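Visitor: Place chains B and C on chain A using the hints.
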Amino acid sequence: MWEKFEGDRNKNGIIVEDGRMIDITDPKWGHPDGRDFWDLDPKLNEGTAMLYSPSVPQEEKLAAGNARQASYMEQWWSTEHTCDVEKFEVPGCEEEPDTPVEVWVVKPKNLKKRKNRVLFYVVGGGLTGLNPNAYPIERMCEEHKCVGIVPIYRLSWQAQYPAAINDLHAAYKWMYNNADELGIHNDKVVISGSSTGGHLGLAAAFRLKRYGYSPRGIVVVSAQTDDREKDGDSLYTGMWDAVEQHDGLYNWLGRNFASNRVGPEALPNHATVEDCIGFPPTFMYQSEMDPDILQNVEFYTKLLKAHSFVEYHVYGGAHHSNGIWAVIKNCGEPNEYSTRASISFESNIEDCFKYDLRRPWVVEDYKAAFKKKFGE
Amino acid sequence: MVEFYDYEGLGNIIDPESDTKQVFIPSPPTMTTVKTNPRSTILYITGGRIVEGYEKLEELKAYAEENKVVFVCPSSKDPEEVAETFNYIQSKYKVLNVKRDEIAVMGDADTMDDAQAVVDYLVDECDADIDDAEEFSL
Amino acid sequence: MNVDFYEYNGLGYIVDPESDTKVVTVILIGKQTVKANPRPAVIYVTGGKINESYEKLEELKAYCAENKVVYICPTSTDADELGKTYQYAIDKFKDLNIVKEEISVKADSENMSAAQELVEFVLDEFDDELDDAEEFSL
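Protein chains in written order, with the working numbering: chain A, 1 to 376; chain B, 1 to 138; chain C, 1 to 138.
I should point out that these hints are in silico values taken from the structure, not numbers from a laboratory. Predicted model only: the values in this text are computed from it and were never measured. Check each hint, because a few of them may be wrong.
Stated by the list, open to error - Restraint-style ranges between C-beta atoms, simulated for each label pair: (1) Y211(A) - G30(C): 48 to 56 Å; (2) V26(C) - N67(B): 37 to 45 Å; (3) Y211(A) - D91(C): 43 to 51 Å.
Stated by the list, open to error - With a cut-off of at most 27 Å between alpha-carbon atoms, the simulated DSSO-like pairs for lysine-lysine come out as follows: (4) K49(C) - K145(A); (5) K115(A) - K92(C); (6) K28(A) - K113(A).
Here a beta-carbon is modelled for each residue, glycine too, at the ideal position from N, C-alpha and C.
Next up, chain A with everything else stripped away, as it sits in the complex:
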């Protein structure tokens, strides 16, 4: 077995045979300006890894996960905020009506009197942790003069798929139906998030589409798009590597892991091109070493084929959690390199608000073509 998976790097009996993965431990693989956190001692990540490890009993996960969430929330509510943050309990969505969801409404001081833009922000964290302190939610709301809607969705150790998607759906529906009270414009919603926030944002957009909602755009970073490994990927191992992604999504999907029985509401690349018709304008920012980078590219091509407005930005010499994302997801110290990525990212969000980049005619044309081919 390859030495990375020996000793304290052993991941509970996981086998990695020679030649199956590329070891990127040496920071020589990274862009010189973004090598922060290139290789971390796996011990630092044990608190997260145990929450999705199949070897850890569920009661232990619940106890550890609840304690960790409690500390994140205590930190959030005891910190001084630059925006007003209010907590709501909102009704469950159509698919799980009896489960209410906690939703935060983040209001910066520079809002208009009414009909404000909305940043529907999905916090990331591998579906194992939801730490709002680690993401620049307030800064983004201030910068884009918008109301932040932050759903506190259930994590994989609390409830498996589709719980988190149901929670996002419920939050969106509530926000949409209470636009006037919230002082928002419900046709001006941009979904954003990073890592799991990106994954769930994209996946939930398929759910929202099924229910007739049409966000202005989706701007995500390091989104996971697929749980199904293919020959030729899982190339790298590093911070949030193929093994971690595998276990993280396995914990969320359970027996539905790596199955075609579940569609894009679980993982976006389960979509067919047809599923993608009418998908909102989408902007994806990914790292070369994201474990499912090839599936990300594939998902992008499906959006292209479905004629959505879509941009795909991939950064070479970057992995899931390194310095290129320092500004976008509070990942280390900002520098010129990370600022460059952030300017592009933020301008995509601004464009979604400023211009309507949706393409409703694609759906109409598709319907007409379908009728022509198969009749009424």
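Guide: Positioned in the frame of chain A, the structure of chains B and C alone reads:
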């Protein structure tokens, strides 16, 4: 504490302990310690005198610590070989915790010509933005 | 100076003085003449008074030519419909050769409240802060 170590077989580095701070990596959620307040660098051209056993090593370490500066001391004074050291700093600046655009080239009284030749070479071949060589003495 | 007067998208009429032009080089195509020096624009709310038979049309044209300004004159006084004119102006700013950030709203004395409603509609729907509507008459 001031570390003294060989780098890539090219020479030795005198590296005072960096300031550190705890940061949070959001995805997956992990706490880690990172070096902070990057230092400036003196590329010290002596033709290889700064080695274990150099009589003023402790003095040099004390100077580095007091002035919060990293000494990078290549064994060679051939500009082409010193350029390898320069490129090492450029690519490892995060790990070294130095500001890669704050490099001063210095020499001893008897290596000043070599140090200036290094400056000229780095400006010509590596697009370095550095001042003329200065003499350094303890 | 030639001043065009034409209908736009069935929403009303535009008074459009001849633009300055310049020659630019377009890759693979060659030299092309394009409009230059974009002008400010006024959305002039009159409830449809400005049409082919408007008695002061020539005066309005002369005013536009002299002040290098484009008058966009919607027929409607309904905020939603007026919003379509604003949308048209910002979508077609290149063709109209106007500065998007320099659009103002004016009205005759009878239509001031409709014009102010447009200003508010634009803030709600487009997040653009226009100055309050002003009265304009020749």
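Visitor: None of the hints should be skipped; say for each whether it holds.
Guide: Hints, verified against the model:
1. For the pair Y211(A) and G30(C), the beta carbons lie near 52 Å from each other, so the given range of 48 to 56 Å is met.
2. At about 57 Å, the CB distance of V26(C) to N67(B) disagrees with the hint of 37 to 45 Å.
3. Distance hint check for Y211(A) and D91(C): the Cβ-Cβ separation is about 30 Å, which falls outside the suggested range of 43 to 51 Å.
4. Between the alpha carbons of K49(C) and K145(A) the distance comes to roughly 38 Å, so the proposed pair goes past 27 Å and is violated.
5. For the given pair, K115(A) sits about 25 Å from K92(C) by alpha-carbon distance, which is consistent with the 27 Å threshold.
6. With a C-alpha separation of about 51 Å, the suggested pair K28(A) and K113(A) falls outside the 27 Å cut-off, and the hint is violated.
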